[in-house]
Every structure is written in structure tokens, then in C-alpha cells.
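Participant: Under our numbering, read the sequence shown as residues 82 to 715, first letter to last.
Everything labelled a hint here was simulated from the structure, so no lab data went into it. Heads up, some of the hints might be wrong.
[To be verified] Below, simulated BS3-like cross-link-like pairs (lysine-lysine); rule was C-alpha separation at most 30 angstroms, straight line:
| id | residue 1 | residue 2 |
| --- | --- | --- |
| 1 | K665 | K132 |
| 2 | K132 | K666 |
| 3 | K132 | K100 |
| 4 | K647 | K604 |
[Stated by the list, open to error] Label pairs and their in silico Cβ distance ranges:
| id | residue 1 | residue 2 | range |
| --- | --- | --- | --- |
| 5 | E677 | V383 | 30 to 36 angstroms |
| 6 | K463 | S174 | 17 to 23 angstroms |
| 7 | K328 | A173 | 24 to 30 angstroms |
| 8 | V383 | F130 | 31 to 37 angstroms |
| 9 | G137 | F524 | 27 to 33 angstroms |
| 10 | S695 | L367 | 29 to 35 angstroms |
This one's a predicted model, so the numbers in the text were calculated from it and none came from an experiment. Think of the CB as a built atom: it goes at the ideal place given N, C-alpha and C, for glycine as much as any other residue.
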Amino acid sequence: MPISILLIFPLLCFFALRKTTASEWRASFLLAALLWGAAVLLVTEFLSFLKLLAFGPLLAAWVVACTVPIGVLIYGRAHPMRRQAASPANRASPFEKLILFYLAAVLATTAVLAWVAPPNTWDSMTYHMSRVVHWVQNRSVDFYPTAILRQLHSNPWAEYAILNLQLATGGDRLANFVQWFAMAGSVLGVSLIAKELGAARRGQVFAAAVCASIPMGILQSTSTQTDYAVAFWLVCLVYFSLRLIEKADALHALGVGLALGLALLTKGTAYVFAFSFVAWLVLSSLRQRDRRKLVLVGGALVVAVVVNVPHYARNFEMYGSPLGPGSEGGDFVYANQLLSPAAITSNVLRNLGLNLAIYEPVDRATEKIIYKVHERLGISPKDPRTTWPGTEFHVRDSHNEDDAGNTAPLLLIVIALVIYLSQPGKHWRVSIYAGSIVFAFLFFSTYLKWQPWHSRLQLPMFVLWAPFVGLMLARWRRFELGSILLVLLILASLPSFVFSATKPVLSASGIFDTGRTHQYFFKNPSVESPYGAAAQAIAEMQCRDVGLMIGGDDWEYPLWVMLKEKIGPDLRLEHVNVTNVSRKKLAHQAGDVGFEPCAIFVVNPAPENSIVVSGRGFIRRWNSGAVNVYGTTQ
């Protein structure tokens, strides 16, 4: 019942929009999703403000939220121009029906993987899921003392959605479905963008298939990473921006404002990817000199800012900047520290190179060529001013949602661009659309230091290329070459379903043959045994208040899972002896008064057999390599 109330809200919004607007069903779906995203934010922030983030208040809040679309359904006036569009499947050709079947198979397969496998990416174990359980414990999303600052300043919307699902179900079984839903919504949304670019039914179906065949997208759709979530909001932003450019409509302006706001609240890369499309919208409105449209665009931008105000405020209080610290400490700075033609070219080459893995000998040759180009440019591919510390560039095949490449989609984008440039009578809208994505990529390569996991961050760009590629392939009817290329793209995507590094299917230790607890450690198996033994040692101490002394990139979430299995839900974990900027929250942390840990979980060898926490002495009771457990001296 609780989860049905939470998930029925977007369905009610969808039917309310279908009744009261002339939008086709896909547009109503996107706007309903945006309203649900806004409702997740409002419910979370409201209950957090009251320190009431718990099952009962959450259920009551969503019941109240559902009364709004119910009221619209009962009392709202049906739109006089409301029309029912024929289902694409009813008019589709046999090949198009086959593609639609493939899309259904993708969604079904990834849904099974998302359900069976727990969250288990590295970032999920350090901060995505860890911040969620801290919020549940604190009954608030306010900042708290932590050694892992990404738990605080990282854009939180995707985790807000996970938080609501976790409170409603009591576990993380649905945590992966935030990204899964984002993939499903993106597949639908890119078909609408393709329609806006002039694609007929065939081009729209092709665009959806291209989106569904992105290897990184397939891998991320079953995880708690956030790149597909931001990609979906950007798809919504682009669609409603294209509609608003055509017609000054308040509903489209609302879609733009909510989509931009939620994208920015989900991941910082949205600022980079959204810039060119927002600029297109603003400049187009200025050129048309339509006062009503300018007011609507201005209102949309205000909505986007308002959506982010609570998180901006928390970051400003902690760091003195609404966007957070801009680094992860020391030399780990996000922005490039060298801006020159050579530096930008270096980043462009390396970001493209991450998506060029084909075959080991070819990969080594490609890598060698890129290194040779760097020699000609006079810049090192390891230059610390343009490269994330401790990393170096390589071209390699991967089925990991952290760094998997998108070779086939990239090659298809290049082919689509060649097809478009060779055609006469280019449409200005298509040209600006493609140019906006190219600009976004150049902006991305200019602003951010190169990182080996940039292929993950580039996922929104590949999703946004899907409408353009689908449009071009559908038009390439000579010998059905477009259809052949689409089939090859689909075939190239198939290994991503079964050979995932974190959700393997065809192996002796696959997700269908391995316990759920064991699967949390697929990315870091070496810590499973010590974490499990440490949890057992704490349970034998009959301790329910546990202090954490861990590093900024150490795993935290699996300890919560193991301790709750052994101790039960009546458990409290807090970071102690925090030395970074978040220590200022010690005095204000919800429920901090009275927290007296009876055990301390420490990662990395401690120099002494005893430590002091909050003026109390603790002695080492158990250790295994880098993992230690300390108990009180009494």
C-alpha cells in the first residue's frame, strides 16, 4: 500500500493532464514525471524541515499530494481539443514492430536485473546509498559530520527519490529503479524530440532504439549512479524548450523550469550540458520579441532556481558557495587548471578515446596515435593541470558502469553527421540541435579535468544524440542501410546485458547464483570478509551505537547492511573524530545529544591500540588488515 501511494501519484498526474490538455500521451508522460520529481523534492524538504522523515509522515504527505491530481480528474474541465493519438504499434511496419519488441525486451531485462541485484557501484557504497541511510537515521536531509563530503554537497535529487522508496519499502530493493525509470523515460522522450526535429514514425522508433542501445546506458539503468537520471531531465528540458520556442505556452514553460531545476539538482554536469540549449531558448525568445514568451522563459528560469534553493542554502552555509567546494580536497580539483588550445584538444581526444575500444590490438594502436598527437601538441596526457590526480589515459574495453565506452553509438553519430552534412536543404532546427550537443561536448572538455570515468559522465550527450541519429538513419533508405546500421548497433549492445562487472549473468558467481549481501562487494571483494567479521565483532559486543572513522573514499553502506542483518533496525552509526569542514555540524546534528558510541569502526591501520573519541577511551578489540574495531575501556 505505501509504495502504491508513492507511485500512483505520477499516474494520476498523467491522466489529469490527458483530460485537461491537448498534449499527446508522450508529452503528458514527461510532464507527469516532472511533477512527480517536483513532488519528491517538496515532500522530502518539507518533512526534513520538520524532522519528520519517517514512514508515517511520508505516507501521509503522499496521500495529500495525490488529492491534487484526483481533484483535477474529478472537477477539471476536459480540454476541447483533446485527442487520442493512434498507437504507433498499430501503424508500424513489421521492422518497426520488431524494434518496438526489442525496446520492450530491454526494459523487461533491465528491470529484472535492477530488482535482483542490490546497489553495488563504488560511489553507491561510499556516498549515494550512505547519505540515504544517514537521512533516514537523522529524519532530515540537513548536513551532518562526515569524512565523505560527497555525502553532503553532491546534488541530491536521485537520492531523494531513493530515500522515498526506501522509507516506503523498508529496504533498498527499489533503489536501482530510479535510474531504470530514467532510461525508460529517456527512450520515450527522445522519440518526441525526434518528432520535433521532423522525424516521421520510423525516425521516432529508430531514435528510441538508439537510446536503448547505448552500452553505458544499459549498464547504468540497473544502478544507483545518477547520470541517467540527469539525462532524463535534460531530455525533458530539450523537448519542452523546443515546444516553447514554437509557441508561448505556460505548460511548456513549466516543463522547462522543472526539467532544468531537477537536472541541476541531480548532477553538476547538467550545468554544462544544459547551457547551450537554455541559451538557444533565450536567444530565440529575444529574437522573436514576443513579450509573453520572454515572461514565460524568465519564469521558467526562476522555477529552476527555486527548485535548487534548499540545496544551495545548505552548501552556502557549509562552504560559502551554493555549488559546493569545487574539489574533493588537495589536488582533486574538478575544473581544468590550464585553458589553452592544446589543453582543450587533449581533453577532446581523450574523452573521445574512452569510447573507441574495439579490439585489443586496435585499441593499443588508437591509444598510441592519441599519445603521438599529444607529443605534437606539446602537452603530456598526464598533465596534472588537465588530468585527475593518479589517473592516466588508456583505450580499453569495459562492461563496468563506471567506465564502459560507447564505441558503436559514437561511430553511428559520426555516420549520422556525415549523412546530414551531405544532404541538401538542411533544416535550421536540426542544425542548431546538433550544434548544441557539439558545443556541450566542447564545454565539457574545456571545463572539466579529464578522468577515466568520463564516459559515464558523457551518457546524457549520447542520449541527446539519439533523436538526431534516429532521424538520419530513418532517412537513409538506400539499400536499407539505415536499418542495417541500427541492427548492428543493437547487436553491439547485447554484451552489456550479460557481462556487467557488477551484475554478471553468465558466470558461476552471477547475480542469480549469489546471495544479495555478497553482491554488494562485487566491485571491491577484498573488503567483504573483514567488513563481515567486523560487523560480527560489533554484534558480539551488543553495541547499537557505532562510531565511524573512515577515509573520504572508503566504503560505508555495506557496513550498515551487515550490522542491520546482525543487530536489527535499532542501530545508529555516526562519523566521529571528523576533521574536515563538516565538523562544524557536530553541535547541530539531529539527535547528536546523547550519542555515546560503544564501538568504533576504523578503516586503515590505526597507529595505537587505543584511541580517544569525544573524550572517551577505546581499545582495539578486533582487527584484520585495514579494518579495526575498538570498544570502550570500561
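Participant: Each hint needs a verdict: does it hold in this structure or not?
Facilitator: Hints, verified against the model:
Taken as a hint, the K665 and K132 pair is honoured in the structure, with Cα atoms around 19 angstroms apart against an allowance of 30 angstroms. For the hint pairing K132 with K666, the CA-to-CA distance comes to about 16 angstroms; that is within 30 angstroms, so the pair holds. Restraint check for K132 and K100: the C-alpha separation of about 37 angstroms exceeds 30 angstroms, so the hint is violated. For the hint pairing K647 with K604, the CA-to-CA distance comes to about 23 angstroms; that is within 30 angstroms, so the pair holds.
Distance hint check: the CB atoms of E677 and V383 are about 47 angstroms apart, inconsistent with the given range 30 to 36 angstroms. The given range of 17 to 23 angstroms is broken by K463 and S174, whose C-beta atoms sit roughly 51 angstroms from each other. In this structure the supplied range 24 to 30 angstroms holds for K328 paired with A173, their Cβ-Cβ distance being about 29 angstroms. Evaluation of the 31 to 37 angstroms hint for V383 and F130 yields a failure: the beta carbon distance comes to about 21 angstroms.
Separation of G137 from F524 is about 45 angstroms and departs from the stated range, judged on CB atoms against 27 to 33 angstroms. Between S695 and L367 the Cβ separation comes to about 58 angstroms, which falls outside the hinted range of 29 to 35 angstroms.
In terms of the numbered hints stated before, the structure departs from hints 3, 5, 6, 8, 9, 10, listed from lowest to highest.
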